[in-house]
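K.L.:
All letters in the sequence shown, in the order written, are residues 12 to 161 by my numbering.
Hints in this document: simulated from the structure, not taken from any laboratory. Glycine included, each C-beta is placed from N, C-alpha and C at the ideal position. There could be a bad hint or two in this list.
[As the list claims (entries may be wrong)] Quick list of the computed label-pair ranges, beta carbon to beta carbon:
#1 R76 / W117: 13 to 21 Å
#2 G125 / E62: 19 to 27 Å
#3 A135 / A38: 16 to 24 Å
#4 D142 / P72: 42 to 50 Å
#5 G74 / D31: 25 to 33 Å
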Amino acid sequence: MRLSLFALLLLAVPASAQDDADAAVRATIDQLFDGMRAKDTTAIRAAMHPEARLMTAAVGPEGERRVIESPIDRFLTSIAAAPVDLDEQLTDGYPVMIDDGLAVAWTPYTFYAGGQLSHCGTNAFTLARSDDGWQIVHIMDTRRRDCEAD
Numbered sequence: 012m013r014l015s016l017f018a019l020l021l022l023a024v025p026a027s028a029q030d031d032a033d034a035a036v037r038a039t040i041d042q043l044f045d046g047m048r049a050k051d052t053t054a055i056r057a058a059m060h061p062e063a064r065l066m067t068a069a070v071g072p073e074g075e076r077r078v079i080e081s082p083i084d085r086f087l088t089s090i091a092a093a094p095v096d097l098d099e100q101l102t103d104g105y106p107v108m109i110d111d112g113l114a115v116a117w118t119p120y121t122f123y124a125g126g127q128l129s130h131c132g133t134n135a136f137t138l139a140r141s142d143d144g145w146q147i148v149h150i151m152d153t154r155r156r157d158c159e160a161d
């Protein structure tokens, strides 16, 4: 009986640590979007690694597929200068995968500007754990206009 209880406790510890890491990864992603809603570039920057990269898998005007990189500073400037409220709603229960200091999150989203549906798509986040906690090191997204409001 003691051995069984001990074995159960050992199994529970990694699950608890994994749950804590999952919650911390989600909190970092939430910090990014809370910062966007508040147009708080300091909060956004705090969620991101100093060398973070932002990329979009896009379709050009002639239908050609391409990858577009957006500099972090341009992204932050556009958020701060947005003339309307911005709100990116993530699908609840999105998957997060973690291995030691690496995490990946796949987050379908709907984006609103000024309360109006702007576009939707999916974000693919890569995060790394530093001594200061989880930081976003890469975001790649898709953007479509053929979407419905949640």
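K.L.:
For each hint given before, does the structure comply? Return the numbers of the non-compliant ones in rising order.
P.N.:
2, 5
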